[in-house]
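Residue numbers (the numbering used here), protein chains in the order written: chain A, 817 to 1269; chain B, 817 to 1269.
I should point out that these hints are in silico values taken from the structure, not numbers from a laboratory.
Don't take every hint at face value.
[As the list claims (entries may be wrong)] Distance windows between CB atoms, simulated:
no.	chain 1	residue 1	chain 2	residue 2	range
1	A	D1004	B	K999	14 to 22 Å
2	B	E821	A	D1063	53 to 61 Å
3	B	E1221	A	G1100	47 to 55 Å
4	A	D1004	B	E930	22 to 30 Å
5	A	D1001	B	D1202	45 to 53 Å
6	B	E1221	A	E1095	29 to 37 Å
7	A	R1066	B	Q893	23 to 31 Å
8	A	E926	B	D1202	31 to 39 Å
9	B	Q919	A	D1063	25 to 33 Å
10	B	Q919	A	W1132	34 to 42 Å
The beta carbon of each residue, even a glycine, is placed where N, CA and C say it ideally should be.
2 protein chains.
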Amino acid sequence: MEIKEIYDLYKDYLDKEIVVKGWIRKHRKQKEIGFIDISDGTCFKKLQVVYDKDLSDFDIIQKIHFGSAVEVKGILQTKEDAIELKATEVKVIGDCAEDYPIQPKKHTKEFLREQAYLRPRTTLFQAVFRVRSVVSMAIHEYFQSHGFIYLHAPIFTASDCEGAGEMFQVTTQELDKIAKDGKLDYSDDFFKKKVGLSVSTQFEAETFAQSFSKVYTFGPTFRADHSNTPYHAAEFWQIEPEVAFCDLARIMDIAEDVLKFVIKYALEHAKEELEYLDEYEEKGLIEKLETTIKQEFKRVTYKECIEILQKEEIEWEFKPAYGADIAKEHEKYLTEYFGCPIFITMWKKELKSFYMKQMDDGTVASADLELPGIGETFGMSQREDDYEKLLDRMKELDMKTEDYEWYLKLRKYGTCERSGFGIGFERLLMYITGIKNIRDVIPYPRTYGSCEY
Amino acid sequence: MEIKEIYDLYKDYLDKEIVVKGWIRKHRKQKEIGFIDISDGTCFKKLQVVYDKDLSDFDIIQKIHFGSAVEVKGILQTKEDAIELKATEVKVIGDCAEDYPIQPKKHTKEFLREQAYLRPRTTLFQAVFRVRSVVSMAIHEYFQSHGFIYLHAPIFTASDCEGAGEMFQVTTQELDKIAKDGKLDYSDDFFKKKVGLSVSTQFEAETFAQSFSKVYTFGPTFRADHSNTPYHAAEFWQIEPEVAFCDLARIMDIAEDVLKFVIKYALEHAKEELEYLDEYEEKGLIEKLETTIKQEFKRVTYKECIEILQKEEIEWEFKPAYGADIAKEHEKYLTEYFGCPIFITMWKKELKSFYMKQMDDGTVASADLELPGIGETFGMSQREDDYEKLLDRMKELDMKTEDYEWYLKLRKYGTCERSGFGIGFERLLMYITGIKNIRDVIPYPRTYGSCEY
Chain A
817 MEIKEIYDLY KDYLDKEIVV KGWIRKHRKQ KEIGFIDISD GTCFKKLQVV YDKDLSDFDI
877 IQKIHFGSAV EVKGILQTKE DAIELKATEV KVIGDCAEDY PIQPKKHTKE FLREQAYLRP
937 RTTLFQAVFR VRSVVSMAIH EYFQSHGFIY LHAPIFTASD CEGAGEMFQV TTQELDKIAK
997 DGKLDYSDDF FKKKVGLSVS TQFEAETFAQ SFSKVYTFGP TFRADHSNTP YHAAEFWQIE
1057 PEVAFCDLAR IMDIAEDVLK FVIKYALEHA KEELEYLDEY EEKGLIEKLE TTIKQEFKRV
1117 TYKECIEILQ KEEIEWEFKP AYGADIAKEH EKYLTEYFGC PIFITMWKKE LKSFYMKQMD
1177 DGTVASADLE LPGIGETFGM SQREDDYEKL LDRMKELDMK TEDYEWYLKL RKYGTCERSG
1237 FGIGFERLLM YITGIKNIRD VIPYPRTYGS CEY
Chain B
817 MEIKEIYDLY KDYLDKEIVV KGWIRKHRKQ KEIGFIDISD GTCFKKLQVV YDKDLSDFDI
877 IQKIHFGSAV EVKGILQTKE DAIELKATEV KVIGDCAEDY PIQPKKHTKE FLREQAYLRP
937 RTTLFQAVFR VRSVVSMAIH EYFQSHGFIY LHAPIFTASD CEGAGEMFQV TTQELDKIAK
997 DGKLDYSDDF FKKKVGLSVS TQFEAETFAQ SFSKVYTFGP TFRADHSNTP YHAAEFWQIE
1057 PEVAFCDLAR IMDIAEDVLK FVIKYALEHA KEELEYLDEY EEKGLIEKLE TTIKQEFKRV
1117 TYKECIEILQ KEEIEWEFKP AYGADIAKEH EKYLTEYFGC PIFITMWKKE LKSFYMKQMD
1177 DGTVASADLE LPGIGETFGM SQREDDYEKL LDRMKELDMK TEDYEWYLKL RKYGTCERSG
1237 FGIGFERLLM YITGIKNIRD VIPYPRTYGS CEY
């Protein structure tokens, strides 16, 4: 039986013989008795097995190594409000060698990162990766139940959305050979041309939004970002919804709704995991999440934010100025100032991407959702739907307009008001789990200079 | 209002004025009256708008181009069991230029592939990509409701699962510069070493299965496969479940269960789309799908299959022989012979991957699920759980065992019986939609020599 089943249905199995398979996560040995905590990962809880001298192989069982896979036969019983399995037989399925790097003690997160293939066995990463799975499902539940079409946008791309200089190139040419031959010829390459990894699925999502009205993507994106911070990874998952016949105000409503839905879903489906994280990773985590659901998010213009920041007599590292970006320290200050998640809206156009809808006052219809303690998590905008204005802006920025031909043409063939946003999935997870380093919410993190396993 | 809402709630809105936004998918003009079919993509059905001479701008409305985005105000009414919107106002939101490549006539699929950014607007691709979205959700529903943990396995990998020679390399080095300098130095590269794109997530899934018992991945994988066939793409999505304490028989049960669940889900959630595909793409599609759900899949050994094939007096392109692979023509014959999906089990070990569980008779505990009309769709096996046997097999095959150190170690640290399978998502979609070319079930297909948009 799975341990989840045992907890779900324990009343049906009390005083009955059952068989469980799992891994030893704790083994306490006393003279006449022993206790084994078994986990099979089907639920967050472990099952306590108790065995005693009545078993003929008591001494052998006492020697079973931490980390081994075992099969336990026994009688399910309750003991002080908890359930435990009184073993009648304990068999080793797979021994765990003595050089096992994980030991029944506290390991640092840095150490566990080096053991990425083993760390999901620890209680902490059982919690984190269960939450990751639950939150992924919450994303799909939200969008599917609201009529959005899920689109698998391509990873390989011959165009470059915003990623100038941050794009990974893919090739099937032998680099050694290029060096040896001293020449480069794309006719040898798989796609016969230069191809990179997508940094955003927005453009493809726009093409689908102009067909299905409401669409979303959810997949990996790639940025060759050299930043070595707790917030940056070279490979990360992104959710990019795109909605036709939708202005900035409505896309902010949707963004707020998504965040609240996802948090509520996590609280319902991963309560024990979040309680654990509340206790060991971020005190007050659950209260923070419950507050987020109840709060109405503030919407403040970029201009107002700069004014607030300038009023304060604080020694900023980056001096706030109209026309300058809002730095991490400012984001932190602002979310604390308002005491809730905030949308910073209507940025100066020079600070944002070319495709955002231009207003008459030099701003664009854009908004960043800033979460307390984590900063920007969702970025959104109404898209420029006017062919000429978009073209002009691209020319202003000296972009190669011929590379964007089909993107531009969307504005010629049945254009409409449309908006969308992007969610950095890992940053969302950091907010929900309280984990402070992006490397600890990704199963196998890839960062500058690091691609292990 | 969204068109889906109108159909769902039409009784509440009959004889009332409503406003709809969408795109013109058909425009029939008569002297005194006009009919516009509008789609907003929120449901498969279009909404018929009728307008007549009573409208002062009747002549202007008649000139609105096919493909334009419009806003229609009108009174909802029923007409011969159908509903239609009697327009009081028709406004153009976004005109559609005259050079619009999609016209209200039948286009070939080849032509539409060249217009990949516009083809989702056609009825056919509305059907296909809606089914793709529905089936994706079905996958998540199945695994989540059965207690599987969803794992995002890494795309970037420094190891090479099965992909020898079929792997794309990623780099941030300028290839031009390598050619110019005539030397290659990985210290300049993002990861400081050679890194490729994952061809399978199985190994990472195994590490998680040994922690959570039941896990699945669902994400893009990449193979630099030069095959130019209707079944191969360089970028495709794969689902790879992995289950601990699970033998081959049980993993076949799960695979069969997944397929039936997904088909049932598609029939429930995309009925109109499948009816359309039944009519225009594969006659008898729905009957085929309904039969698949009801049938018990056959399990036949590889040896039995070869014997069946050898008995037949057929001019095979590839002569069936014990020890040789089973070709596409054989797969086709066998599924017809048995009249149902079949698992071909217990392949000779030379035909399969090194990680499969070795039996005493020279076979491995493996199975391929063959679907009628499409061939191999799921591949599965019990994994070799014995450290020494796995190591020996790798040495036999002259593999660099040091590259697989952590994979091997899974067999030292609490190993157990475990099995898993891989589903080619696009092939599954081809079976469900009746679409015959993989390029037509992928939003933006990437194949040998082709990476457009």
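Note to self: Could you work out which of the previously given hints the structure breaks and list their numbers from low to high?
What the structure shows: As far as the earlier hints go, 2, 3, 10 are violated by this structure, in ascending order.
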